[in-house]
Amino acid sequence: MDGYSALLVVTFLVVGLAVTMLVLNLLLGPKNPSAIKSEPFECGQVQITSPRQRFSVKFYLIAIVFIVFDIEVVFLIPWAVLYRWFLTQPSWAVLAFTEMLVFLGILGLGLAYFWKRRGLEWD
Amino acid sequence: MTAQVVEALVHAAIKFAILVPGFVLALAALMSWIERRQSAMIQDRVGPNRASIGGVRAWGLFHIIADTLKFALKENIVPRGSNPLLFRLAPFMAMAPALIVFAVMPVGPTNRWVVSNLDVGILFIFAIGSLSVYGATIAGWSSNNNFSLLGALRVSAQMISYEVSLALNLVGVFMVFGSINLQTIIEGQGALLGGVLPKWGIVVQPVAFFLFLAASIAETKRTPFDAPEGEPELVSGYFTEYSGLALATWFLTEFAAVIMVAMMATAVFFGGWQIPWLPPTPALVATWWFQIACVMAFFAKTLFFVWVQMQLRWTLLRMRYDQIMTMGWKYILPISLANVLVTGLFLLLTR
Amino acid sequence: MSTETVREYLTEEEEDRIGLHTQEMILNMGPSHPATHGTVKFTLRLEGETIRDLDPDIGYLHRGFEKMCENATYTHAFPYTDRLNYCSPFINNVGYALAVEKLLGIEITERCKYVRTIISELHRISDHLTCLAATSLELGAFTVFLYGVQSREEIYVLTEEICGARLTVSYVRIGGLTDDLPESFADHWKLVKRRLDKNLYDIDKLIGRNRIFIDRMQNTGILDTETAISYGCTGPFLRACGVEYDVRDAAPYLVYDRLDWTMPTGTRGDNWDRFLIRLAEIEQSISMIDQCIEQMPEGPVRIDDWRVVLPPKDEVYNSIEAMMAHFKLIMEGLKVPPGEVYSYTEGANGELGFFIVSDGSGKPSRVHVRPPCYHLVAALPEIMRGKLIQDLVPTFDTINMIGGEIDR
Numbered sequence: 001m002d003g004y005s006a007l008l009v010v011t012f013l014v015v016g017l018a019v020t021m022l023v024l025n026l027l028l029g030p031k032n033p034s035a036i037k038s039e040p041f042e043c044g045q046v047q048i049t050s051p052r053q054r055f056s057v058k059f060y061l062i063a064i065v066f067i068v069f070d071i072e073v074v075f076l077i078p079w080a081v082l083y084r085w086f087l088t089q090p091s092w093a094v095l096a097f098t099e100m101l102v103f104l105g106i107l108g109l110g111l112a113y114f115w116k117r118r119g120l121e122w123d
Numbered sequence: 001m002t003a004q005v006v007e008a009l010v011h012a013a014i015k016f017a018i019l020v021p022g023f024v025l026a027l028a029a030l031m032s033w034i035e036r037r038q039s040a041m042i043q044d045r046v047g048p049n050r051a052s053i054g055g056v057r058a059w060g061l062f063h064i065i066a067d068t069l070k071f072a073l074k075e076n077i078v079p080r081g082s083n084p085l086l087f088r089l090a091p092f093m094a095m096a097p098a099l100i101v102f103a104v105m106p107v108g109p110t111n112r113w114v115v116s117n118l119d120v121g122i123l124f125i126f127a128i129g130s131l132s133v134y135g136a137t138i139a140g141w142s143s144n145n146n147f148s149l150l151g152a153l154r155v156s157a158q159m160i161s162y163e164v165s166l167a168l169n170l171v172g173v174f175m176v177f178g179s180i181n182l183q184t185i186i187e188g189q190g191a192l193l194g195g196v197l198p199k200w201g202i203v204v205q206p207v208a209f210f211l212f213l214a215a216s217i218a219e220t221k222r223t224p225f226d227a228p229e230g231e232p233e234l235v236s237g238y239f240t241e242y243s244g245l246a247l248a249t250w251f252l253t254e255f256a257a258v259i260m261v262a263m264m265a266t267a268v269f270f271g272g273w274q275i276p277w278l279p280p281t282p283a284l285v286a287t288w289w290f291q292i293a294c295v296m297a298f299f300a301k302t303l304f305f306v307w308v309q310m311q312l313r314w315t316l317l318r319m320r321y322d323q324i325m326t327m328g329w330k331y332i333l334p335i336s337l338a339n340v341l342v343t344g345l346f347l348l349l350t351r
Numbered sequence: 001m002s003t004e005t006v007r008e009y010l011t012e013e014e015e016d017r018i019g020l021h022t023q024e025m026i027l028n029m030g031p032s033h034p035a036t037h038g039t040v041k042f043t044l045r046l047e048g049e050t051i052r053d054l055d056p057d058i059g060y061l062h063r064g065f066e067k068m069c070e071n072a073t074y075t076h077a078f079p080y081t082d083r084l085n086y087c088s089p090f091i092n093n094v095g096y097a098l099a100v101e102k103l104l105g106i107e108i109t110e111r112c113k114y115v116r117t118i119i120s121e122l123h124r125i126s127d128h129l130t131c132l133a134a135t136s137l138e139l140g141a142f143t144v145f146l147y148g149v150q151s152r153e154e155i156y157v158l159t160e161e162i163c164g165a166r167l168t169v170s171y172v173r174i175g176g177l178t179d180d181l182p183e184s185f186a187d188h189w190k191l192v193k194r195r196l197d198k199n200l201y202d203i204d205k206l207i208g209r210n211r212i213f214i215d216r217m218q219n220t221g222i223l224d225t226e227t228a229i230s231y232g233c234t235g236p237f238l239r240a241c242g243v244e245y246d247v248r249d250a251a252p253y254l255v256y257d258r259l260d261w262t263m264p265t266g267t268r269g270d271n272w273d274r275f276l277i278r279l280a281e282i283e284q285s286i287s288m289i290d291q292c293i294e295q296m297p298e299g300p301v302r303i304d305d306w307r308v309v310l311p312p313k314d315e316v317y318n319s320i321e322a323m324m325a326h327f328k329l330i331m332e333g334l335k336v337p338p339g340e341v342y343s344y345t346e347g348a349n350g351e352l353g354f355f356i357v358s359d360g361s362g363k364p365s366r367v368h369v370r371p372p373c374y375h376l377v378a379a380l381p382e383i384m385r386g387k388l389i390q391d392l393v394p395t396f397d398t399i400n401m402i403g404g405e406i407d408r
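Residue numbers (our numbering), protein chains in the order written: chain A, 1 to 123; chain B, 1 to 351; chain C, 1 to 408.
Some hints here could point you the wrong way.
Take a look, some chain A residues computed to stay more than 10 Å from chain C by CB distance [to be verified]:
id	residue
1	G3
2	L27
3	P30
4	C43
5	I48
6	P51
7	V57
8	F103
9	G108
Below 27 Å or equal to it, Euclidean Cα-Cα: the simulated DSS-like pairs (lysine-lysine) are [stated by the list, open to error]:
id	chain 1	residue 1	chain 2	residue 2
10	B	K330	A	K116
11	C	K363	C	K335
12	B	K70	A	K31
13	A	K31	B	K74
14	B	K330	A	K37
Hint data in this document are derived by calculation from the structure and do not stem from the laboratory. Here a beta-carbon is modelled for each residue, glycine too, at the ideal position from N, C-alpha and C.
Put together the whole structure using the sequences plus the hints.
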């Protein structure tokens with residue numbers, strides 16, 4: 001667990017750096033707030049619609065598919081790491097490959113289906 | 001807590017303090033200069049060279065100091081209607097993961113040259129590195145600005161799309177080297193193929209390398225893929241409202257990501273700290289001069305990839321948002337899936 | 001994600017009922033926005049990234065050109081015309097002068113015709129270069145922008161040599177020009193041409209076959225021929241739709257009928273066609289200038305009529321007739337017979353028309369400009385409806401809107 005506690009220390013260092021930058025800016029920068037200055041930038045115009053309304057997020061389907069594929073990668077990695085070892089076992093070698101072939105094949109089919117249903121189109 | 005553990009932690013802190021502020025942040029600052037001077041060379045112009053200290057201009061190197069001072073001395077404006085806490089926190093939420101990932105990067109042989117040699121190495125980089133997207137998305141949403149919001153939507157869609165391909169590209173490498181520990185992968189690249197060619201990642205996985213480079217540049221959101229901050233339509237994308245050091249933090253994050261991409265490309269595909277045709281025998285590794293030479297080799301390769309990315313940045317144009325997504329999902333993803341299968345088949349047939 | 005795909009599952013009422021509806025974002029793009037140079041404001045109605053509607057809002061550069069002209073003599077209007085299309089002031093000068101000369105019914109000298117053709121084509125090149133450079137810049141090719149602007153700079157230097165100014169030229173006069181071309185012009189032009197050729201070659205090498213650039217330009221910003229004609233689009237925009245209309249060819253003025261040139265046209269009417277047409281027109285303009293320099297006869301550049309052009313200075317100081325002519329021209333302006341005229345020339349972006357009404361006095365009663373971009377920007381909502389927000393950028397750039405002439 002030594003590696004991970006070292007990472008904890010590292011995290012503290014980075015947070016320290018962030019806090020330093022934040023404080024440095026607060027200390028050094030001038031503070032002259034005004035109503036016009038704090039207006040959100042909209043090319044010199046007044047905002048017509050607020051960004052806090054319900055906007056259309058077109059990529060939510062992509063986000064869902066992302067989760068599927070990301071989990072797939074997580075499944076792939078242990079297999080990939082052990083693949084060399086599988087190959088050294090005569091009874092496992094072909095099985096290891098064909099199993100992954102089936103797994104990736106199903107995923108490929110899923111991608112093809114998503115593609116076909118115009119899930120990857122944008123407008 | 002025993003004294004040994006405390007000592008190990010102190011060592012980790014010192015190593016990180018040397019690696020990150022000493023190399024990454026310094027290089028990031030230098031990159032702001034390199035970027036402008038290199039683009040100037042490409043474009044037949046002089047570039048910034050006017051900042052001087054006591055009449056010494058030093059090819060405009062002092063612009064780094066001038067820029068930092070200027071950023072620090074600017075007012076930190078928080079737009080009306082924004083969420084002030086998230087708005088102030090967001091740049092650091094993006095910066096922290098971008099810097100923490102350097103902790104698992106082995107810059108030289110032996111564990112002395114890595115802050116924390118984790119077994120999950122690359123997975124840690126993916127896991128923590130992908131947290132950066134939260135910073136960008138939160139920044140865009142909390143700004144109360146329509147341009148920022150559009151930029152935030154684009155950045156989250158783009159970063160998650162390319163993350164899949166990014167990890168999938170490396171699966172082939174994991175299969176060849178049988179590990180996800182970066183140090184093991186680098187050590188595996190020390191062998192020679194047929195006694196001539198170094199067994200670098202690029203040699204055994206050429207397709208994966210180019211796909212990896214494309215996907216990781218997309219993750220850094222630089223030019224061919226910079227639709228999230230595309231100036232002509234979204235002004236500055238998700239960091240439109242930032243000023244002062246908070247804005248500088250965004251640039252720092254971007255440059256840190258560029259360096260990380262360069263280091264990853266070096267470690268996974270270009271032999272890391274390996275010096276070609278000089279196999280690291282235990283006797284050699286024990287000598288201090290060899291270790292230094294290896295670290296130098298690592299940094300030289302990193303600098304080369306930083307240069308490559310700069311060159312791409314100023315040569316290529318900006319892709320449209322849907323083209324970026326199309327490229328990620330319809331080209332890079334299927335090809336990397338096929339790459340995994342072909343690699344598996346090849347290893348099976350040549351076992 | 002297509003809306004159709006979603007609607008396969010839910011109707012709009014169902015979406016509303018279960019609270020899935022989204023609101024449109026209304027976004028002000030401009031006036032102070034990196035893409036809306038020339039100063040214009042687009043009010044976009046966005047659904048996600050898709051433009052549902054677009055409302056161009058012009059007028060940020062309004063200076064009252066037409067009203068100012070009514071309070072100035074015909075000659076005094078030249079500095080105003082410089083500022084119409086500030087990328088190609090010579091063409092505006094020539095267009096306005098031709099309109100007044102048409103009303104006056106005078107014929108200018110041969111040499112003047114050639115010089116006017118040369119300067120028009122020179123600034124057509126500079127206008128096209130500006131457009132190409134800005135388009136590339138907005139798509140991220142900053143290098144191409146600098147190459148294009150560098151070439152434009154060469155043309156500005158040449159312009160400076162011709163008339164002493166880079167942008168506010170005021171070189172043309174009614175009945176002629178302020179002065180002849182400088183003697184060094186032909187030599188200097190050769191130099192400029194060589195550098196221009198090199199820069200065009202570089203630009204072509206950089207982006208001419210760049211996949212990203214072609215993807216951004218091809219099949220974006222398409223306007224079909226009928227709509228383009230009905231909106232009154234002209235110039236490279238209309239020619240990209242495949243219509244062979246060019247004022248230089250349809251109603252030749254100056255010496256365009258004596259020159260050997262071809263009219264590049266497109267087939268699809270997209271941004272890529274417009275880009276290529278502008279590149280091809282630069283080459284045509286270069287060849288036209290070469291031909292003009294070759295064919296140009298010697299002789300005066302101004303007509304010999306003291307009611308229209310100012311008499312030479314030594315005459316003014318030494319003869320009473322010249323003195324009186326000078327006085328009347330300066331104080332009252334040249335007298336144009338009552339009537340109205342519409343004269344049109346080919347500007348860099350399309351048909352540049354001047355409509356002038358004269359009441360017989362020294363000042364125009366009404367001047368109206370038909371700026372080419374006005375009609376193109378009017379067609380922009382038609383082009384952009386249902387397209388992505390990022391396509392607006394190259395489309396707006398290939399239109400090459402010039403604030404000075406659209407707002408007048």
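Okay, the hints, checked on the actual structure:
| no. | hint | verdict |
| --- | --- | --- |
| 1 | G3 | holds, 41 Å |
| 2 | L27 | holds, 31 Å |
| 3 | P30 | holds, 23 Å |
| 4 | C43 | violated, 4 Å |
| 5 | I48 | violated, 4 Å |
| 6 | P51 | violated, 7 Å |
| 7 | V57 | violated, 7 Å |
| 8 | F103 | holds, 27 Å |
| 9 | G108 | holds, 21 Å |
| 10 | B/K330 / A/K116 | holds, 11 Å |
| 11 | C/K363 / C/K335 | holds, 8 Å |
| 12 | B/K70 / A/K31 | holds, 15 Å |
| 13 | A/K31 / B/K74 | holds, 9 Å |
| 14 | B/K330 / A/K37 | violated, 44 Å |
Going down the numbered hints, you'll see the structure goes against 4, 5, 6, 7, 14, while the others check out.
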